[in-house]
Each structure stands twice: as structure tokens, then as C-alpha cells.
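Participant: Sequence:
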Amino acid sequence: MELDELGIDIEAQNCLNQIQQESWTSADYDPSQGMTGEELHNFCKFLYSQIQSKDEEISRLTANIKELTDEVRLSRLQQQTYNDENKAVSASHSQKLDVVLQQLQETRQELTDTKRKLKTAETLLADAKEKNRQLEAEREKDAKERKDLENDIALLRSDLYSGTKSQQSGRSAEEVGANDGRDDFDGTDASLPEANRKDEVSSEANSDGEKSEKSQSGEPNNSSEDRDSSKGTPGTPTPKTIYHGPSRKGRTYNKYTVGTPIIHKCDLSHLPEGVTYHIKKNPKKVLHTITKVEEHWFEEVVLTYPDGHKETYFMPQENDKNGYLYDEIVPGTHVTSDFLTEETSNMYDMACPAYREVKNRLSEMGLKTHRQNLANYADKGYEILKLVLPALKDRALAPGSNVNVDETWERFQTHFGHRKTYMWCLVNRKANIVIFFYEDTVDKYGNQKSGGRNRAVLKDFLGDAKLKSLQSDGYICYMYLDDDLIDIEHLCCLAHVRAKLERAERMGCKEASSPMSKIRKLYKREDLYVEKGYDAEKIKEMRNDEYTRGIVDELQNEMFDLMANKMDKLPKLMQQALNYLHKFWKQVFAYRNDGEYSIDNLAAERAIRPQTIQRKGSLFFGSVQGALRSAMYNTFIQTCKQVGVSFRQYFKALLKAVKSGRTDYENLLPMTICLD
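For the sequence shown, full-length UniProt numbering assigns the number 1 to the initial residue and increments by one for each residue that follows.
Rather than coming from a laboratory, the hints here were simulated on the basis of the structure. One or more of the hints may lead you astray.
As the list claims (entries may be wrong) - The calculated DMTMM-like cross-link candidates involving lysine to aspartate or glutamate, where the alpha carbons are at most 25 Å apart (straight line), are:
hint, residue 1, residue 2
1, K521, E558
2, K572, E558
3, K380, E311
Build out the structure end to end from the sequences listed, making use of the hints.
Facilitator: Right, dumping it as C-alpha cells:
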């Protein structure tokens, strides 16, 4: 029997091989040659000790081999006995296993049948859920319609049964204003009130069509059709890159920055004795607001010269830190430029009416005054801004400019109640200029009225300007743009079409989904042009490539198909959207004619939005001067926002420059003035 069969450790085998190898080597080699007697004696003693250790190791290995041999024999005997016992057990287990396999096969068949039934039940459950969802949608729709009907019934009952303090026997007929029916306008005469239809008022092309509005009547709808949000488009005008207006893209967020801090040092002379200290590397930052009104009295000296003329001076003392305020007094007032800038910013930029400023803010700071005083101060600033306005207008209406126009209604208080007037807004996106104007006109009765809205207002404001294009909503294009302006390309707003289709889609019109998806693709392409930074030539090329042309052609074919085959079956909102798109198709898609054109009129609508917010706060204008003042301040506030400068800093710099005698107003605009 070999050693490996007995399971002998490989270390023992190696040890035996080493002993045998040493015995072979000793037969051929005589290490005693050349040794002295003493060395030979020591070598023999060494060999004897080695032989003894080897004998002990051989004895140990022999004992281990014997033990392993006995264990192997015992193990084989036990294995033989175990195999004999398991033969009988295996036969019994085999029979039981056959029975278990048969049962498993039957269980598997039952499980397959159960899965098939479960799948059928899931299909039925999904169908039931879909029917339940449809029923729930119909229920919500019915509930909404029911709610609308209940509201209508409540309004009708209120009109029928509500009492009135008036002693008149009946209610006077409501008069139609020039702005009525604008929300339902779809480009056709039939969608306008009878008093505003072109075929009935063609002889009154230069009239407003406005009527007085009683103070009890409700406010009309907003003049802007849609304020749908779209992405801001960054960039600045360059010779090769098209400008799309300011936005937040590319800008950083600066937090916790105020300006030059006021540093407070520690007085280390008050430290107690025996202590150690170190000054922290970063000081503790604390914000503090100072809001107050101070009254300064300046002692003036009247000098009389030998020729008899007199002049008034103020000569500050050396230790007078606030003496410079005398030079910042706004001419014609007793307030500084800081005070006037603060108040006009609050009234027109923060939309805080003058009566709130007087009653709340200024009174809390100890100033008791009247709101008319604030109006008088603002008038002085209005006169200074009025000097700069012509230069700003020349830039906005420069030859070859592309402008956006919009208007919104205002309430004007008269002795007989309130009437509607209109504030116009013109935006030059490339020049970063916004201009509000409130013009006089003549109504259809021949009366001179302020805040007009007819064709003459826009035509007179534009004058002989050689504009390249003018973009507005369809209502302005249809009602107020003179056909004689043939040298200016008229553009309409695709966002208005999108708004009408979106309202129809929300009301459940499935036919509106496909046109909406195509318009979304067009807007997505516009975002791509801005993201890639294309210039005007590249944008025009992309707007007329095969992909965009295919979308526009599909949209036109779908419009004609719906108008020809399903027009009578469509909801009213969808009919208005199709009529609007059909009527202004050429103007809506004229933006493809030039890469500098905009796809919509949102630039003007966003610029005019602060004016609508002010309207909600101040409710109405009390005078023409108040309306003109509002237009002037909003012009420069919004222009400063477009340019990216602070109106407060600009207005203070302008007041200082004008007071110093400067008359180069083209260099005092928000984009040309030098701010410290």
C-alpha cells in the first residue's frame, strides 16, 4: 500500500525522501578528507547527534503510519456496513419519491390552470378600471358643467331679485365699449360686438368707439390675450448674433452681498489681566436696515453784488458731513434726489400707490404729508425725464427696427363716473427699449379725449419712422393698423393661437390636440436656435428648412380639413381658434421671413404687465397728467430693466447731470449714461 493511499502527510514523505537522498550522497562523498584529529572527532559527534534525531523522526513517522493504517481499515469497515443498510432504505425512498413526483405533476397542472384563470381575471379587472376611469371623467365633467350652470343661475337670480338703492324704475342699457368682445375675437366681423364691426364703423376709422363707463359696472377683461410663459433667451446684440432679449441664463446667483461693509474693531484695552486671546479670521456679518426720513435745515446767504443782482448760496462748514445734500435738491422742490428716487420707485416699480406711501410707510417714519405732495414731486422728475424721451424714442424707432406693440385698458375718473382709456406699449427688443405712451384722440362724436385707441394713435406715434416690422396681436392688426402702412411688415402672435387652442383642448376638444403638438414643435425649434447661438441668417434658414416647412404645411392642411368638414360640429372655442389662425395665417407665420423676427408678441405683453399690476393697486387715473406721469416713469423703469441697470442709480445720475447743465440728452439714456 502506497503512503498517499494511507493519507500520510506530504511533509513526512518529503522528510523520508531527504533521509534517503542524504544516504545516497554520503556513499559518494567523504567529508573527512583533510580534517585534523580534533576536527574529525567533532564531526563524528555531530553525525551521531544527527543520526539520533533522524532515528527519532523515523520512529515518530512509523507510529503515525501505523495509526493511519488502522484508521483507514476501520473506516472501510464502517463504510461497507453503512452501504448494506442503505440499500434497503434507498428502495423504500425510491417508491416514495415516485409518489411525490406524481403529486408535484398534478400540482403543477393545477397551478397552470390557476394562472390562466388569474390572467383572465386581471384582464376583466383592467377593463373595469378603464370603464370606471371613463365614468369618473364624465362625472367630473358633469359636475363642472353643473357647477357652471349653478353659478350662472345664481347670477341670473341675483340680477332678477336683488334690490337696488336707485330710485329709477328700471336699469339703463349697458353701453358697449371699444374693448368689449376682444377675448372672443377670432378674426371675423361676426365675433365682434355690432358697434365695433368694421362694416358698420368704417366711416369712423379714426374714432375710439369708447363710451363712458359707470362706476358701478364691473371691470373688463385684461387686454392681453395670453401671458403664457416661455423660456428667456439670453444674449446681447452683436453684428453677427441675433438678440433675443434678456433672461437669467448665464447669470450667477450672488448671495449675501450688500456692498462696502462697515467694519467695527474691538477695543483690546479693556481685556482683563491674565487672559489670552486671538482675533477670529472671519468677522461676524450682520445686516441692518436704515429706513428713515430726515429734515435738514440749511442756512442760506443772500449775496448782493455791486450791479444790484442777488444770489443765494449755502457754504457748509468743514465738519458738516451732510452739507453735500444741498447740491442734491431737485429743482422746484424741497426734497433730495434720493427721496424722489425712493418714492417714484415705490410708486411705479413696486406698484405702491401714493396714498399707501403717505398713510403707511412715510407716516411710520414720522413724515405727515399729503399724497398730492408726492404727485407734485413726481411731476418735477417727469419734466426731467421728458427732456430725455425724444432721444430714447429716436433710438427705438431707428430705420430698420423691429418693434412689438401692445395696449391695455385703464380706468379714468371723471365727474360723471369712470370711462375706459388705453395705455400703449412699444418694445424694441434689439435696442433694449420700452416706451409707454398715452395719447389724445378724437371720438366718433368729435370730442377731444385722452387715452385713445384708434388708428391715429399708433400712426401718429410712429410718424414717418422707417420701421422694418411691427408685431402685435390680431385684434390690433385687424382694428387699428392702417392699410396705408404698406412699408412696414405686420406680424401677429403665434402665442395667441396657442392660447385659443389650449383653451379648446382643456374643454375636451380632441381636434385641438394635433395642432397644439405642431405649435409646440415650432416653439421647441425656437428654443434650439437660442441654445445653439445661431445668427439671424442661420435662424432664417432653419425656419424654412424641410422639417419646419413640413410642420407648417401639415398645420395648414389640418386647418383647412377641419374648417371644411367639421366646422359646424366643433365647439365654439375651437371654431374661434381656427378662424383666428385662418384670418391671420400670413401675419402669424411672417416671422419665418427674417431671422430677427420673433415668433410671438410676448416681449410687449411682458413689458406691459407691470402697468396692469399698478392698475389693480391704484384703481384709476384721476387726471391726464397722472396717466402721462405713469407712462413716463414706466418707460424708463422698464428700459432700465432691459438694459440691466438700476433705475434708482440711473435716475439719481440723471438728476445730477441735468442740474449740472448737461443738454447732451443722447448721452444721458440708460444705455449711454455713465453710472458710478
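Participant: Each hint needs a verdict: does it hold in this structure or not?
Facilitator: Hint by hint, here is what the structure shows:
1. Our distance criterion of 25 Å between C-alpha atoms is met by K521 and E558, whose separation comes to about 16 Å.
2. Proximity of K572 to E558 is assessed by CA-CA distance (about 18 Å); at most 25 Å being required, the pair is judged to hold.
3. About 23 Å separates the Cα atoms of K380 and E311, which keeps this hinted pair within 25 Å; it holds.
Hint compliance for this structure: no hint is broken.
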